[in-house]
Amino acid sequence: MGSLASGVSVVTALDASGRPHGLTSSSVCSVSKDPPLLLFCVRQVSATLDAIRETGGFAVNFLDADGHEISELFASYNDDKFASVAWRPGDVAGMPRLEPTVAFTECALHDVIAAGDHVIVLGRLVGGATVPDRFPLGYWRGTYVRVSPPQYRREERNGHRPSDPSQSFHLE
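Under the numbering used here, the first residue of the sequence shown is numbered 1, with each subsequent residue one higher.
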């Protein structure tokens, strides 16, 4: 599976007492447009998963090319990962939003599905934003990689005007 390049994200959540939790994930994937769903996979034993189940929400922070140190921190077993990173509450559900990111989304818990020693967590997007002029952090064969700027966008290839990359959203 290391031959499949992936993006690098940090999934964050608040527990019932308001304490932030987070983990690094390279398994984030879009699932459905209607309703807007995404998924990520996580070990069944996880403080972040416990927080998600307690409060019914989480965020996905899609790291930008400079986010490798944040990825390493949230992949560690450090008990207080948030002590050394800047974060702020998301605009919709208040879930922890990190920097630097290319995008951020807040999700309501939709379902948790057992899958071996992991679970698949499905979330319904309720809000988020993209950040213009940043490129994502990738992971391939055990190494962080930078994604270079695209030569052209699909919209431009098809003769359409590109959409505004800094657009925020809120879904009901």
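Think of the hints as simulated: they come from the structure by calculation, not from any bench.
Among the hints, a few may not be true.
What the hints assert, rightly or not - What follows is a set of in silico ranges between Cβ atoms, one per label pair, in the way DEER data are often shown:
{"id": "1", "residue 1": "Ala16", "residue 2": "Gln44", "range": "14 to 24 Å"}
{"id": "2", "residue 1": "Trp140", "residue 2": "Arg43", "range": "17 to 27 Å"}
{"id": "3", "residue 1": "Ser148", "residue 2": "Ala114", "range": "37 to 47 Å"}
{"id": "4", "residue 1": "Val145", "residue 2": "Cys41", "range": "30 to 40 Å"}
{"id": "5", "residue 1": "Arg141", "residue 2": "Gly18", "range": "32 to 42 Å"}
{"id": "6", "residue 1": "Val147", "residue 2": "Asp50", "range": "28 to 38 Å"}
{"id": "7", "residue 1": "Val112", "residue 2": "Ala75", "range": "36 to 46 Å"}
{"id": "8", "residue 1": "Pro35", "residue 2": "Gly94", "range": "14 to 24 Å"}
{"id": "9", "residue 1": "Arg53", "residue 2": "Ala83", "range": "19 to 29 Å"}
{"id": "10", "residue 1": "Cys29", "residue 2": "Gly56", "range": "13 to 23 Å"}
Heads up, the beta-carbon is just placed ideally off N, CA and C, and yes, glycines get one too.
Going down the list of hints, with the structure as the test:
no.	hint	verdict
1	Ala16 / Gln44: 14 to 24 Å	20 Å, holds
2	Trp140 / Arg43: 17 to 27 Å	22 Å, holds
3	Ser148 / Ala114: 37 to 47 Å	38 Å, holds
4	Val145 / Cys41: 30 to 40 Å	21 Å, violated
5	Arg141 / Gly18: 32 to 42 Å	39 Å, holds
6	Val147 / Asp50: 28 to 38 Å	32 Å, holds
7	Val112 / Ala75: 36 to 46 Å	21 Å, violated
8	Pro35 / Gly94: 14 to 24 Å	21 Å, holds
9	Arg53 / Ala83: 19 to 29 Å	24 Å, holds
10	Cys29 / Gly56: 13 to 23 Å	21 Å, holds
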